[in-house]
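Just so you know, the sequences run in chain order S and H. Each residue of the first sequence is one higher than the last, beginning at 317 in the working numbering. Each residue of the second sequence is one higher than the last, beginning at 317 in the working numbering.
Source of the hints: derived by calculation from the structure; they are not laboratory data. Check the hints yourself; a few may be wrong.
Any copy, or any two copies together, can satisfy a pair, since identical chains are not distinguished.
Keeping only pairs whose Cα atoms sit at most 20 Å apart, straight-line, the calculated DMTMM-like set for lysine to aspartate or glutamate is [as the list claims (entries may be wrong)]:
hint	residue 1	residue 2
1	K488	D477
2	K322	D477
3	K488	D572
4	K322	E400
5	K426	D494
2 protein chains.
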Amino acid sequence: MPNSSKAIGIFDSGLGGLTVLSQVTKRLPNETIIYLGDTARVPYGTKSADTVVRYARSCASLLLSRGIKLLIVACNTASAYALETLRSELDIPVVGVIQPGATAVAARTKTRRVGVIGTAGTVASGAYVREIHAIDAEIQVYSKACPLFVPLAEEGWTDGDVPRTVATEYLKELTTYDIDALVLGCTHYPLLKRVIADIMGDGVALVDSAETTADTVSRLLAGSPNVKANGAHYHFMVSDAPESFARVGKRFLGHDIDHVEWVDF
Amino acid sequence: MPNSSKAIGIFDSGLGGLTVLSQVTKRLPNETIIYLGDTARVPYGTKSADTVVRYARSCASLLLSRGIKLLIVACNTASAYALETLRSELDIPVVGVIQPGATAVAARTKTRRVGVIGTAGTVASGAYVREIHAIDAEIQVYSKACPLFVPLAEEGWTDGDVPRTVATEYLKELTTYDIDALVLGCTHYPLLKRVIADIMGDGVALVDSAETTADTVSRLLAGSPNVKANGAHYHFMVSDAPESFARVGKRFLGHDIDHVEWVDF
Chain S
317 MPNSSKAIGI FDSGLGGLTV LSQVTKRLPN ETIIYLGDTA RVPYGTKSAD
367 TVVRYARSCA SLLLSRGIKL LIVACNTASA YALETLRSEL DIPVVGVIQP
417 GATAVAARTK TRRVGVIGTA GTVASGAYVR EIHAIDAEIQ VYSKACPLFV
467 PLAEEGWTDG DVPRTVATEY LKELTTYDID ALVLGCTHYP LLKRVIADIM
517 GDGVALVDSA ETTADTVSRL LAGSPNVKAN GAHYHFMVSD APESFARVGK
567 RFLGHDIDHV EWVDF
Chain H
317 MPNSSKAIGI FDSGLGGLTV LSQVTKRLPN ETIIYLGDTA RVPYGTKSAD
367 TVVRYARSCA SLLLSRGIKL LIVACNTASA YALETLRSEL DIPVVGVIQP
417 GATAVAARTK TRRVGVIGTA GTVASGAYVR EIHAIDAEIQ VYSKACPLFV
467 PLAEEGWTDG DVPRTVATEY LKELTTYDID ALVLGCTHYP LLKRVIADIM
517 GDGVALVDSA ETTADTVSRL LAGSPNVKAN GAHYHFMVSD APESFARVGK
567 RFLGHDIDHV EWVDF
């Protein structure tokens with residue numbers, strides 16, 4: 317049983333994991349949360365499995381050194397490549413975003429034909445296909461890597477000709493498979509939701525794993541919630557450019573980020 | 317005077333610097349060259365000055381530990397942010413790509429109106445503007461950051477609707493300034509040369525710094541060329557995914573890359 321007075325640790329390669337943090341605080345409003353964005357080594361999605369495992373390990377051990385009771389791997393690529401390693405090496409619960417995303421899409425589909433979009437690493441790992449098939453082996457899964465979606469979202473190009481042309485190119489094949497649900501398998505992709513929804517059409521539900529991941533965390537901590545009743549506490553750490561994290565992160569969270577610690581690890 | 321028997325060291329955040337290596341071997345066919353691509357931490361162009369300086373330092377010290385007589389910083393962002401630091405800390409000659417690029421574009425323009433495109437970091441540093449003005453303070457310089465060009469080139473999207481739409485969006489303002497020369501201020505950009513040339517039109521010369529950088533190196537080593545006469549020797553090192561470096565690097569060099577060493581630093 318996790319020690320209730322300790323914090324929840326969350327890491328992502330950058331900002332995207334703040335969507336998960338946001339959902340966690342809705343369900344667990346009294347927890348202390350330490351968020352780490354590895355902005356010096358972002359992106360993870362284009363790197364090899366070995367390198368992503370190495371980076372994930374160093375993020376986890378930094379968070380552990382700050383005293384956490386549970387670790388959320390809020391990055392899809394790190395969840396795809398490093399979750400088993402982290403679970404075998406750490407003695408606290410480790411929650412990834414892929415199994416919750418798979419659960420959400422399996423619950424959503426009626427036709428049992430679904431799509432998954434993600435980084436090159438996430439798609440190459442086959443992690444979503446495995447997790448979806450562990451729930452229902454009859455579901456047809458069509459996957460597509462969309463490497464340019466992360467730089468597009470980071471550039472702030474979430475509407476207009478450029479994202480529309482890029483998304484049309486990536487998604488044109490998926491639109492022919494008659495799917496009724498699509499996993500946004502990267503924490504950056506919800507920023508492109510409108511463009512993706514337009515191309516995929518009304519018949520395709522877009523699923524992201526932030527909510528189901530937060531449900532999983534909430535369940536794991538159900539027996540030992542944090543007892544202090546003075547609201548959530550946050551601590552933010554990044555490996556590069558704390559000012560820009562604070563500025564852009566505000567958009568994700570809907571409120572100011574007071575202080576961001578720069579860490580070298 | 318550099319010790320002629322030692323190697324020339326080149327580093328870049330990834331593959332792009334191979335265009336510089338290629339030009340150097342044309343001029344100095346008997347040199348040993350050690351190339352380091354920091355593929356685990358690529359890209360540099362979106363990171364802060366502090367982080368880029370830190371990464372450049374670690375690349376330089378790895379190359380020094382292998383015994384080099386001269387260091388080429390083949391990455392524009394690293395040249396923009398870290399060249400002065402490296403020059404002050406190292407006791408071998410350090411050559412960047414910005415001053416050679418500035419020399420080339422200043423030599424090329426007749427109207428004295430030029431453009432510079434590069435990463436967010438390179439453009440924010442103002443390094444090209446400074447170097448061009450050091451040559452001719454009357455030259456009008458128009459700069460534009462094109463962050464999506466690196467992921468486009470890495471995705472292999474160098475022709476067709478997507479690069480055309482992206483490039484049109486980035487370059488539309490530059491086409492109104494009546495420039496006659498444009499610096500491709502990032503080693504990835506020559507891969508998008510055709511699309512950029514189409515948009516900028518025949519009246520704009522595209523300048524990259526690989527050739528002028530190699531000229532500078534050749535001049536610096538003029539007094540002490542390598543004496544062995546059995547052709548160039550290469551050694552390649554990367555911090556991630558050696559196989560993919562060997563595969564893609566072949567396209568840059570025009571010949572096979574036999575062996576790529578993985579380094580953790």
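Q) Between copies, within a copy, both or neither: which fits K488 and D477 at Cα up to 20 Å? A) Classified as both; 16 Å inside a copy, 14 Å across copies.
Q) Can you tell me if K322 and E400 fall within 20 Å by alpha carbon in one copy, between copies, both or neither? A) Neither way: K322 and E400 sit 23 Å apart in one copy and 45 Å across, limit 20 Å.
Q.
One pair to classify: K426 and D494, alpha carbons no more than 20 Å apart. Within, between, both, or neither?
A. Within one copy only: 12 Å inside, 57 Å across.
Q.
When Cα atoms must be at most 20 Å apart, do K322 and D477 count as within-copy, between-copy, both, or neither?
A. neither (47 Å within a copy, 51 Å between copies)
Q. How would you classify K488 and D572 at a CA-CA limit of 20 Å: within, between, both, or neither?
A. Neither: 38 Å inside a chain and 35 Å across chains, both beyond 20 Å.
In this structure, the hints that do not hold are numbers 2, 3, 4, in rising order.
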